[in-house]
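Peer 1: This is what each chain is made of:
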Amino acid sequence: MRRWFVGFVFGLAAICTLTPTPGLGQTAATTPYTPPRTRDGHPDMQGIWQALSTAAWDLEDHQASLGVPAGHGVVDGGTIPYLPSALARKKENFDKRATLDPVTKCYLPGVPRITYMPHPFQIVQQADKVTILYEYASAVRYIYMNGVPHPRGPIEWWMGDSRGRWEGNTLVVDVVHFNDRTWFDRAGNFHSDALHVVERYTPTSPYHLLYDVTIEDPKVFARPWKMSMPLYRRQERNSELLEYQCHAYLLEQEWNNPASTFFEKR
Amino acid sequence: MRKLRCHVSPLVLALVSMPTVVLVVVLLAPAPAAGQAFWPKETPKLPMARTWIAQKATLPPYTPPRTPDGVPDLQGVWSGAGGDNNSVLEEHEYIDVTTPAQESFVSDPRDGKVPYTPWALAKRKEILAGLARGWPGESGERLFTSPGSFCLNAAPVFSFDAQEIVQKPGAVIMLSDDAYRVIPTDGRPAISQNAKLWFGNSRGRWEGNTLVVEVTSLNGRAWFDSTGQFYSENTRMVERWTRVDANTIDYEVTIEDPTIYTRPWKISFPKRRAGTGPRDAPRGTSVTTALPPATNDPHANELWETACYEGNTESVDSIHAIGFNWFTGVTPPK
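Residue numbers (my numbering), protein chains in the order written: chain Z, 1 to 266; chain H, 1 to 334.
Hints in this document: simulated from the structure, not taken from any laboratory. Some hints here could point you the wrong way.
Unchecked claim - Listed below are the simulated EDC-like cross-link pairs for lysine to aspartate or glutamate, each with C-alpha atoms no more than 20 Å apart in a straight line:
#, chain 1, residue 1, chain 2, residue 2
1, H, K168, Z, D101
2, H, K168, Z, D40
3, H, K196, Z, D40
4, H, K125, H, E141
5, H, K168, Z, E240
6, H, K168, Z, E135
7, H, K168, Z, E236
8, Z, K226, Z, E240
9, H, K196, Z, D101
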């Protein structure tokens with residue numbers, strides 16, 4: 001409870017004191033966009049969305065490497081403000097990313113990484129909750145919107161505990177109760193179990209959401225920091241979520257391979 | 001009640017390195033997973049398809065309410081099949097504390113048996129004999145364990161479990177604690193049969209009061225239960241979801257596959273609206289049901305992250321270490 005409460009106060013402080021991000025991303029409209037409403041009167045952001053950034057590989061500016069497209073970073077200010085004590089771990093993660101990245105073991109990617117994995121996701125809105133269905137691992141995430149606070153911790157979940165509210169046209173989601181086993185990207189950017197994430201989903205056109213995220217983790221970062229990217233509505237006429245059952249592929253590949261060290265190393 | 005996904009107890013995980021065969025056999029006896037019920041030996045045989053077919057025949061006609069879009073309203077939170085869930089598909093007597101006597105899920109043919117071809121029946125018996133669960137008739141060989149042990153969800157087993165149904169224009173969405181289905185009802189064509197999925201590809205339509213869902217493109221790698229009742233890449237399923245009263249959905253699925261079954265066959269059972277099940281139904285006891293209800297817990301009805309993700313890491317390791325094979329489906333003779 002205490003950790004959550006402290007995190008919550010920090011989070012509020014971060015929201016209140018950081019300068020609101022003006023016109024982030026290419027999708028910010030010059031005139032404010034008014035989204036359609038659901039039957040419950042809230043902004044309707046239902047449908048299938050996908051990020052087109054390279055954030056899943058590296059949140060910061062990076063050159064191309066084998067299988068990794070080059071990309072502009074999505075971090076406000078360009079650099080993640082690690083505590084000096086955490087930088088060595090980040091470097092080690094990067095050097096050993098091919099084996100250490102939790103995603104290579106098909107663990108759930110956590111929040112916000114699952115949003116910018118290169119797979120579509122679908123938003124479903126009801127009066128009491130917003131549900132996000134992810135193609136990746138067929139993961140399902142419930143964001144309770146009924147005012148019930150986070151459960152008392154300590155709890156360590158891969159995807160954390162999500163509680164949402166509406167601020168104007170923006171869905172604001174407060175996420176706590178993470179484990180310390182997920183990364184933000186393939187480049188080894190990491191966090192502790194003190195991670196506190198605030199996501200903001202704002203429709204900027206019928207086809208775009210602006211995805212702003214505030215990351216706070218006093219054990220790893222010197223100060224709260226932000227990332228931002230557009231999310232794109234999938235336009236294909238036959239668009240639907242299919243499946244990426246990651247661990248099924250991995251298990252099948254490793255199961256009958258006598259040379260596999262997969263099961264010893266997990 | 002949750003379906004029994006994992007037949008290897010957490011105790012196994014700690015002890016799996018111990019080499020004694022006897023120990024492994026003892027530990028492989030299914031131990032209840034979280035929320036799994038214990039059933040005393042004297043539990044009367046649990047009802048399933050046979051009882052439901054008889055009960056359904058006595059129900060008066062019912063017209064379900066409509067959604068604002070004018071289709072039957074199936075929305076709400078619905079129970080799973082109940083009993084020991086899909087632990088064992090066919091009728092059986094008491095096996096152990098998690099597997100009480102229960103009627104068959106199979107409503108057609110009337111004998112409650114899956115109508116395998118001779119080739120498929122031999123395959124099925126081979127898998128059954130190699131389950132190493134400590135049941136009678138086992139070969140001692142460890143062939144396969146239920147793919148459900150790895151938390152890989154699939155059709156139709158997802159429908160055997162509890163879920164919330166949400167309807168949107170052109171789609172029916174089914175939500176559980178660790179998976180989902182989105183069933184388009186907008187008339188779009190199915191994906192190519194060359195693409196195979198654990199859940200298959202679902203296409204829904206409304207016929208009177210019934211949601212009819214055709215499921216194709218199945219990858220044939222999952223089982224109907226934990227005892228090797230299988231289907232194949234050639235299998236097609238047609239589900240029928242019908243409200244028969246305010247608090248009951250009649251669930252029926254027809255399974256067709258001439259490469260492994262001699263005829264189409266059906267599974268049928270009722271799904272009850274959460275909290276409205278028959279009060280006189282036999283109940284097992286679990287850690288959950290043994291505790292007094294938390295009256296003021298605002299989180300009581302929330303779905304929290306389950307451990308049934310990430311390949312359910314510990315059970316994967318132990319099942320591999322014990323020597324089971326990875327079930328990659330069957331290859332029926334041409």
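Peer 1: A separate judgement is required for each hint: does it hold in the structure or not?
Peer 2: Hint check results:
no.: 1; hint: H/K168 <-> Z/D101; verdict: 37 Å, violated
no.: 2; hint: H/K168 <-> Z/D40; verdict: 13 Å, holds
no.: 3; hint: H/K196 <-> Z/D40; verdict: 37 Å, violated
no.: 4; hint: H/K125 <-> H/E141; verdict: 13 Å, holds
no.: 5; hint: H/K168 <-> Z/E240; verdict: 14 Å, holds
no.: 6; hint: H/K168 <-> Z/E135; verdict: 19 Å, holds
no.: 7; hint: H/K168 <-> Z/E236; verdict: 19 Å, holds
no.: 8; hint: Z/K226 <-> Z/E240; verdict: 30 Å, violated
no.: 9; hint: H/K196 <-> Z/D101; verdict: 28 Å, violated
Hint compliance for this structure: hints 1, 3, 8, 9 are broken, all remaining hints hold.
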